Every structure is written in structure tokens, then in C-alpha cells.
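S.K.: Numbering follows the working numbering, with no gaps: position 77 of the sequence shown is 77.
In short, the hints are calculated from the structure, not lab data. Computed from a predicted structure; not experimentally measured. Ideal Cβ positions, reconstructed from N, Cα and C, are used throughout, including at glycine. One should not assume that every hint holds.
Distance windows between CB atoms, simulated [to be verified]: (1) Ile124 to Ser40: 16 to 26 Å; (2) Leu31 to Gly61: 22 to 32 Å; (3) Ser40 to Ala11: 18 to 28 Å; (4) Lys41 to Ile69: 39 to 49 Å; (5) Ile124 to His42: 17 to 27 Å; (6) Leu31 to Phe122: 19 to 29 Å; (7) Val121 to Ala35: 17 to 27 Å; (8) Thr66 to Phe122: 37 to 47 Å; (9) Ala70 to Phe122: 17 to 27 Å; (10) Arg126 to Arg79: 11 to 21 Å.
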Amino acid sequence: MLRSSENTIGAWAFLIGVVLAILIGLSTTLLPIPALVNYSKHIYAALVFLGILVGFMNTTGKDSQTFLIAGAVLVIVSRFGMDSLSGSVIGLDLRDAVTSVFSALLVLFAPATIIVAMKTVFSIARV
């Protein structure tokens with residue numbers, strides 16, 4: 001099975017983005033890594049860029065519907081998860097860590113989902 005380089009780049013951007021989102025989310029609360037905390041603005045900017053890259057490169061045709069459903073669910077659940085967490089998780093005070101990870105995932109997935117949605121609308125509107 002041949003893969004296009006576009007899908008490979010999009011897949012790597014997605015993977016790197018998720019790992020960065022989790023790292024920056026945890027580094028600001030549970031595992032304070034000074035370099036990540038100091039450069040968090042730059043890392044969030046990189047997450048937005050990776051989200052845009054994922055949105056443009058990862059989805060075509062039938063895959064866009066699946067991505068939109070998964071992306072919308074992830075964005076909605078992350079946002080509600082941030083708002084609804086209270087107290088502790090399994091006896092540990094993980095609220096800040098989970099909220100921070102959800103926030104970083106939102107920064108990655110919101111631009112990707114918006115771009116895929118716009119691409120889908122424009123492809124439907126073609127006459």
C-alpha cells in the first residue's frame with residue numbers, strides 16, 4: 001500500500017501535536033519542566049500551527065466526515081471536561097493537570113477541526 005507524503009506529514013504533525021499537548025499540559029502542573037514552562041507561549045503557537053497543518057493535510061473526501069465527528073467530539077468533551085472537573089480524580093488532585101491537558105488539546109484540535117469543516121463546506125458548495 002502506497003502512502004502519499006502529504007498523509008505522512010499530516011500524520012506526523014498530528015502525532016507531534018498530541019505529544020506536545022500532553023507534555024505542555026502536564027509540564028505546567030504535575031511535572032514542572034522549566035524549559036517547557038518558559039516556552040509555553042511558543043509551544044501553544046506551535047500547537048496552533050500543527051493544528052492548521054493537520055487540518056489541511058490529513059483529511060480528504062470520506063475521511064473528512066470521520067475527522068469532523070471525532071474532532072467535534074474531542075473539542076466539545078475537552079471543553080466540558082475542563083469546566084466540569086471538580087475535586088480530585090481517584091484521590092489525587094489532578095484537576096489542574098487534566099484541565100491543562102484538555103486546554104492544550106483544544107489549542108491543537110480547534111484549528112484543525114475548523115479547517116476541515118471549511119474544506120468540507122467548500123467542497124459541497126462546488127458546482
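S.K.: Hint numbers the structure violates, sorted upward?
M.R.: The structure conflicts with hints 1, 2, 4, 5, 6, 7, 8 and 10, although it agrees with all the remaining ones.
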